[in-house]
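**Student:** These protein sequence lines map, in sequence, to chains A and B.
Each residue of the first sequence is one higher than the one before, starting from 1 at the first, in my numbering.
Each residue of the second sequence is one higher than the one before, starting from 1 at the first, in my numbering.
Misleading hints may appear alongside valid ones.
[To be verified] Stretch-level coverage of chain B by chain A, calculated; a stretch enters the list once three of its residues show a Cβ under 8 Å from a Cβ in chain A:
1. 64 to 77
2. 319 to 332
[Claimed, not checked] Cβ-Cβ distance ranges computed for the label pairs, FRET-style:
3. 248/A with 342/B: 48 to 54 Å
4. 214/A with 50/B: 33 to 39 Å
5. 169/A with 342/B: 44 to 50 Å
6. 445/A with 322/B: 36 to 42 Å
7. 43/A with 343/B: 25 to 31 Å
8. 328/B with 9/A: 51 to 57 Å
9. 160/B with 34/A: 50 to 56 Å
[As the list claims (entries may be wrong)] Using 20 Å as the maximum straight-line C-alpha spacing, the simulated DMTMM-like pairs for lysine to aspartate or glutamate come out as follows:
10. 51/B with 155/B
11. 348/B with 118/A
12. 343/B with 481/A
13. 343/B with 385/A
Calculated from the structure, these hints are not laboratory results.
Using N, Cα and C, we set each Cβ at its ideal position, and we do this for glycine too.
Chain residues, written in single-letter form:
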Amino acid sequence: MDPVLLARWQFGITTVYHYLFVPITIGMSMLVAILQTFWVRTGKEAYLRLTKFFGKLFLINFALGVVTGIVQEFQFGMNWSEYSRFVGDVFGAPLALEALLAFFLESTFIGLWIFGWDKLPKKLHLMTIYLAAIGTMLSAIFILAANSWMQNPVGTVVNNGRAELDGVGGFLEVLTNPIFLVTFPHVISAAYMVAGGLMAGIAGWHLAKVNRDGEAKPGDAAAYRFAARFGAWVLLVASLVAIGSGDLQSKAMTQVQPMKMAAAEALFDTTKNASFSVVTIGNLDGTKAVWEIRIPGLLSFMSGEEEVQGINDLREQFAEQGFLQNDGTQHTLQQQRAAHIAEAYPGLDPAPNIPVSYWSFRLMIGLGMIGTVLAALTLWVLRKDRLPKAGPLWTAMMWAMPLGPLFANSFGWIFTEMGRQPWLVAGVMPTASGVSTSVPASSVLISMIVYTLIYGGLAVIEVWLFLKFAKKGLPDVAPPELQTDPDAPMTFAY
Amino acid sequence: MIHLLETSASVPTLATVWFLLATVLWLGYFFLEGFDYGVAMLIPVLGKNEKDKRVIVNTIGPVWDGNEVWLLTAGGAMFAAFPGWYASLFSGLYLPLLLVLVGLILRGVAFEYRSKHPDTRYRNMLDWFATVGSFLPSLVFGVGFANFVIGLANDGLHFTGSFWSLFGPFALLGGVMLVVLFLVHGSAFIALKTKGHIHDRAEAFGAKFGWAATVLVALFVICQNVFWPANSEFGDFTVAAWIAGVLSIASIGLATVMIGKGRDGWGFVLTGLSVVTLFVGVFLRMYGNLGFAQDTSVPVTERLNIVTAASSETTLTIMTVAAVIFVPIVLAYQAWSYWVFHKRISTKNIPDDVETAA
Chain A
1 MDPVLLARWQ
11 FGITTVYHYL
21 FVPITIGMSM
31 LVAILQTFWV
41 RTGKEAYLRL
51 TKFFGKLFLI
61 NFALGVVTGI
71 VQEFQFGMNW
81 SEYSRFVGDV
91 FGAPLALEAL
101 LAFFLESTFI
111 GLWIFGWDKL
121 PKKLHLMTIY
131 LAAIGTMLSA
141 IFILAANSWM
151 QNPVGTVVNN
161 GRAELDGVGG
171 FLEVLTNPIF
181 LVTFPHVISA
191 AYMVAGGLMA
201 GIAGWHLAKV
211 NRDGEAKPGD
221 AAAYRFAARF
231 GAWVLLVASL
241 VAIGSGDLQS
251 KAMTQVQPMK
261 MAAAEALFDT
271 TKNASFSVVT
281 IGNLDGTKAV
291 WEIRIPGLLS
301 FMSGEEEVQG
311 INDLREQFAE
321 QGFLQNDGTQ
331 HTLQQQRAAH
341 IAEAYPGLDP
351 APNIPVSYWS
361 FRLMIGLGMI
371 GTVLAALTLW
381 VLRKDRLPKA
391 GPLWTAMMWA
401 MPLGPLFANS
411 FGWIFTEMGR
421 QPWLVAGVMP
431 TASGVSTSVP
441 ASSVLISMIV
451 YTLIYGGLAV
461 IEVWLFLKFA
471 KKGLPDVAPP
481 ELQTDPDAPM
491 TFAY
Chain B
1 MIHLLETSAS
11 VPTLATVWFL
21 LATVLWLGYF
31 FLEGFDYGVA
41 MLIPVLGKNE
51 KDKRVIVNTI
61 GPVWDGNEVW
71 LLTAGGAMFA
81 AFPGWYASLF
91 SGLYLPLLLV
101 LVGLILRGVA
111 FEYRSKHPDT
121 RYRNMLDWFA
131 TVGSFLPSLV
141 FGVGFANFVI
151 GLANDGLHFT
161 GSFWSLFGPF
171 ALLGGVMLVV
181 LFLVHGSAFI
191 ALKTKGHIHD
201 RAEAFGAKFG
211 WAATVLVALF
221 VICQNVFWPA
231 NSEFGDFTVA
241 AWIAGVLSIA
251 SIGLATVMIG
261 KGRDGWGFVL
271 TGLSVVTLFV
281 GVFLRMYGNL
291 GFAQDTSVPV
301 TERLNIVTAA
311 SSETTLTIMT
321 VAAVIFVPIV
331 LAYQAWSYWV
341 FHKRISTKNI
351 PDDVETAA
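Extracted from the complex, chain B is given alone in its bound form (with noise of 0.2 Å):
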């Protein structure tokens, strides 16, 4: 009999039940702000004139400050579950992260900002403020979670590693591989989103490069499976992981057809499937270690691990009723926003006049 999930007892069951909520948290972030990225990515690249990029742009002008609190929400609960590991993570990465914020900071001015003034100049260059800004992120985040993968090094409590030690060869795959992804993701959601020369160019975009995120998808899973599978003394979840990658790669090829065959939905749907399932396969592997080498030499409890860098019973408990009450309910307005800006949007739609209304 094949055991999926075999974990090891002594981790704490609020412990995993709280890796688990911050693994689904980061996966709605990746999901949500994956084509968010992708699509302030393509700003330059499918817009041709100042419409076509107004047009790009609204697609996600509604949503994607929504989606950007995935991420804030996922920092919050690592936080307040596993201080030891936000507390060691956020000062190890000192750098990336600084990074991160940068590309947060330009890409959240860009678009409000970029509606309040009419000169093209302006607004070329809030765009490349949006570009720049989904790209830093999709790239840290890439090499982030690669580096996660293989382990990063610590004394068992700090990260020892240089941030140039960051930037192996896996981790460097990992980058440009997230950066693809969410493009395609970026791109099936621009196409889903809609309709005229910015749909086929998206389409096309998508088609094409849809098979390079495969290709790319597929070196990231093989190589993360095969020297660095997700088997460890917090558990074996190695044939889980292999069956999560797999999907990955599977989905990513498939929305490639899909979105070569025009069906957007089903394009949009496996994209995001992709990234979810991709990501599944990274945080199998970081379950227990949460990311940081494991020196077995040393006993769990004098380690940087689920086990130590969880909180009190007190508080984790806390926490999940608050996250069982309102995740939910912000999972039901979230959806709602979506439905209410569900139509598919062309050129047609942007007003001639910049500063419109609010």
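In isolation and in its complexed conformation, chain A is listed as follows (with noise of 0.2 Å):
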């Protein structure tokens, strides 16, 4: 087997899988954070139960968030070495910086939340869980910042027969990458929408049984009712910062990957004032379209381009000068390598896999869609003081309120990735010559097994205890007091 596809398949398998419970850390700790200082500040239960309830769901993701992170962080070095010796000066600073600012973060306060409730002061407490979260969000800089430098690897030089920063002003440029500063806010909105979505669907799923079934303590319908309504407004108000930033993002894009912008549109021709295709049949070099719904001038509001450049002309325009941005300019780093890449790799196909990138692209934009509208109609079926039926509807839109953008967020990474292609680091560095030349396929094959089969347990493992907790519903909660007596039951212990 080739080991470069072994090992595409499996950073792409493990990193989907890794990010499906990224986006629920991301924005689940922040929204109990929240939670917890309502109960702080009013010093009511039902913030507690609130606070408990969802707090569980989220550690239950997290542990698994943390396990499958560690796999990435080893991945770069075991499987793709050579890529990891070009860039390790540029791409490993924000990776240790990020175990040293974030993860140390993070996992210390978790330990601290988890168990400090009976430990430490109220507040001092809630500072614990805020300090996660901003934790998980560190973490989203430093990620972003050198997945962005692989999009568009701006403060670099070839030195030494590697990458290298182009010195403290190289550094500031790849925090200051225009890609990255669309794509965090983009990432984070998204990662609310899901953690949105999430407590308004189990809510909401919640209030409907309540409706029907009486509560089953008193409160239980007000406080399902208050995080539906939370849950759903944080959606809602996070698929406007989506939209807009994903917006920028196009824009962004355009400019420095026009390639990832034709694939995504399938735009096989240099097109003024383009249509955005909303959904097409055709064949794949875009000479035969047998059915298909068309947004006239929106692909050339998308990429900010009247003339948007097609496929056909980007790979003539490849063949001919080597990679360029969208205004015929190259970075440094992209310059000096062109002409080893146009020598090495003869008749290397600048374009990405089109029909990916076109359906990833819209499943990205349609699942998002579908969080957005069902979290308005929740709002509009808990409007004033309203209950909802249960019924197959209602918790159909409940399940598919979380589920909608959380894939949205796969298929967002999807389309990012695999619209790179050919390139590790746009324009610098083919896929192939990144992978490990002393690590044979057989190697690779058994760690994707392994890794197939750990990961595919513990989901069975994971999803089963999250729904179980979910069903449950609201815990009973006694206001926890700084404990004194030291052969008391802790307040938690695993």
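Since each chain comes alone in its own frame, lean on the hints to assemble the complex.
**Tutor:** Following this line, the structure appears as structure tokens:
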């Protein structure tokens, strides 16, 4: 088997899997912190019950996010050693900073939060969950800075036969990479969409049950109602940020990776005032569309360019001049590598897999929109003092509200990473050249089988636990008190 | 006059600084996760029933995750400061690292998930995840670092040995030694953190197996310094490595005595000191060559070592600034978290209800 293909599949599988837990962690940590703030401020039991209920779901999810994240950090060296060797001077720093600034913060303060209910004063304990939430955000900053550099390699020069930071200024360029600046709000808001949808979906499902069967405990209805509306509002507002930042992102992407935009649209010929294809069924070279829905002028609006370059024209351009940005310029690193790439990779097709790019782009938008619409619908159903009716339709809506945005996150990453192909670093390093040359395909295959088995088994446990606690509903709580008796039972123990 | 530390001139200062920082991160990892691993490996040994096991798990409950980040930071620091080292090591030791990852995944979910369902079989399964998941990295890192002492076979860029070539006699000694040392370090931690019968069992275990650890550490240190002295073109640290090694032997021996006398605090500090000084000796041997065999017939700049694997001065400078600011902050809040949970626990502190709170 082809080691490059195996290594790519492994990265794809482990990353998509890991990223099922990441948006929930980023969004949920903050939402739980906010719920706990309501409790600290008002002292109302309902907020404490909500904090503990969603806190437990958050932790079930967090555990898998942590352990699958370790694989990610090791994987660069294990499967992509030649990539790591070539770019480590630039790419390694954000990863190290992520561990130093973000992982320590998250892990230490999550531990303090879980076990600190009866050890820390209320406000100090509240601070621990905020610090953990900030940790998840710092983690996103460094990872997105690193990934954005792969899409748009600024601030770097070839030196000693590898990519090196172009002085301290180069490092600042990496941290202020225009792609990073628009990707960060997009990724964070997309994470909040998932967390909001999850909170609204679970609470909304319970609310319908309460409406049918009555409250298990007085106050249930009001608490679920609050959480459902709160979550739906979070999803709705986050959607607006995701749409706005997504628009800026597609414009920035058109500038630095024109081919990616062309592939997202399956636009083969350079077009003025280009329309956006909502759905097209046709053949792959764009010569024949069997059936399509198009919105006039939208693609030109999204890309920020009146004339959008097509795949065929960009292919020709690459063959003649190498990798160019939309305005025909190159970053220093791209310029320095151009001759080497032309020589070492003759006939390299600069286009990504077009059906994958086209459909993942649409699935990202479509699934995200489903979440947005359902959030608005939920708020409408719950207007004034109304309660939802239990039934298959409502249940389906409550499932789709978090799952739509969650899978939209997956497809967003699939799009951005598959759309970057055939490059590891745009215009600098083809993907095939980054793989570990000393690792036999059999080793990669073994590890892929091992990961798949373990990840599969853990998925079963995680989903089962998650659903078990989600269905169980709000727990009974006793207001935590600072523990002074050395023999008293811990408020929480593993 | 005896020169303890004598470095050769050709290594850039910042590369040496980062070798030291990477060493510090590894030492932090081995010190902290060393007892974590030991504790989790001792679950089936010291825990006779569910409440016993829960006491043991909860001694590290709030802190294990933060401890593990030392490994991630050490890995990240190698990537950032020595991309060549990170690339060659992680791809070269592919299958051993897979074992470490499997271990870390299993033990990571074990702690969090064991509290989420009361079924005994489910909990026993997760306890075995924790135990096996702690045994694997202890063993692999013991074997691995013994191989770094010997020097990994390479062609100047890539590891050229096979998977099975990593399991020579000295490497196996390293693996067994580290497992036993971590077991004793873990028992010292449990003794320090608990009261009642778990405390007594942990003490008895440490007082007994401390001697096995002492013998194994002594064998390892002597073999290392006799057969692979810390003396290379990058500097002569023979004396320093001997001192570190002897300190490690003395510490674990004294720790065993202290544990036997019920001096829990001293027992833990000394097992920790033994772990730290043991790896100080190993890293002294690895200075310059980074654990890869050096073919001195080839110029230094054409081999895999501290000179060729290091990042640019710019990157190392930026990383140094970040480390100087943030490592003390991390140490401060991690120390605070240990202080928050400093009280000893016993079976009395374990709630009957398994699904309380968050």
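**Student:** Look at each hint and say if it fits the structure.
**Tutor:** Cross-check of the supplied hints:
Residues of the region 64 to 77 of chain B with a Cβ under 8 Å from some Cβ of chain A number 10, which satisfies the need for three, so the listed coverage holds. Residue count for the region 319 to 332 of chain B with a Cβ under 8 Å from a Cβ of chain A: 6. That meets the three needed, and the coverage hint holds. Between residue 248/A and residue 342/B the beta carbon distance is about 49 Å. The supplied range of 48 to 54 Å therefore holds. The hinted window of 33 to 39 Å between residue 214/A and residue 50/B holds, with their beta carbons roughly 36 Å apart.
As the Cβ distance of residue 169/A to residue 342/B is approximately 46 Å, the hint placing it in 44 to 50 Å holds. A beta carbon spacing of about 38 Å between residue 445/A and residue 322/B agrees with the range 36 to 42 Å that was offered as a hint. At about 27 Å, the beta-carbon gap between residue 43/A and residue 343/B stays in the expected band of 25 to 31 Å. A hinted range of 51 to 57 Å is violated for the C-beta pair residue 328/B and residue 9/A, which are about 42 Å apart.
Restraint check, residue 160/B to residue 34/A: a C-beta distance of roughly 55 Å satisfies the suggested window 50 to 56 Å. A threshold of 20 Å between alpha carbons decides the hint, and for residue 51/B with residue 155/B the separation of about 53 Å lies outside it, so the pair is violated. For the given pair, residue 348/B sits about 16 Å from residue 118/A by alpha-carbon distance, which is consistent with the 20 Å threshold. A C-alpha spacing of about 17 Å is found between residue 343/B and residue 481/A, which places the hinted pair at or below 20 Å, so the restraint holds.
Between residue 343/B and residue 385/A the alpha-carbon distance is near 49 Å, which puts this suggested pair outside the 20 Å criterion.
Consistency with the previously given hints fails for numbers 8, 10 and 13, ordered from lowest to highest.
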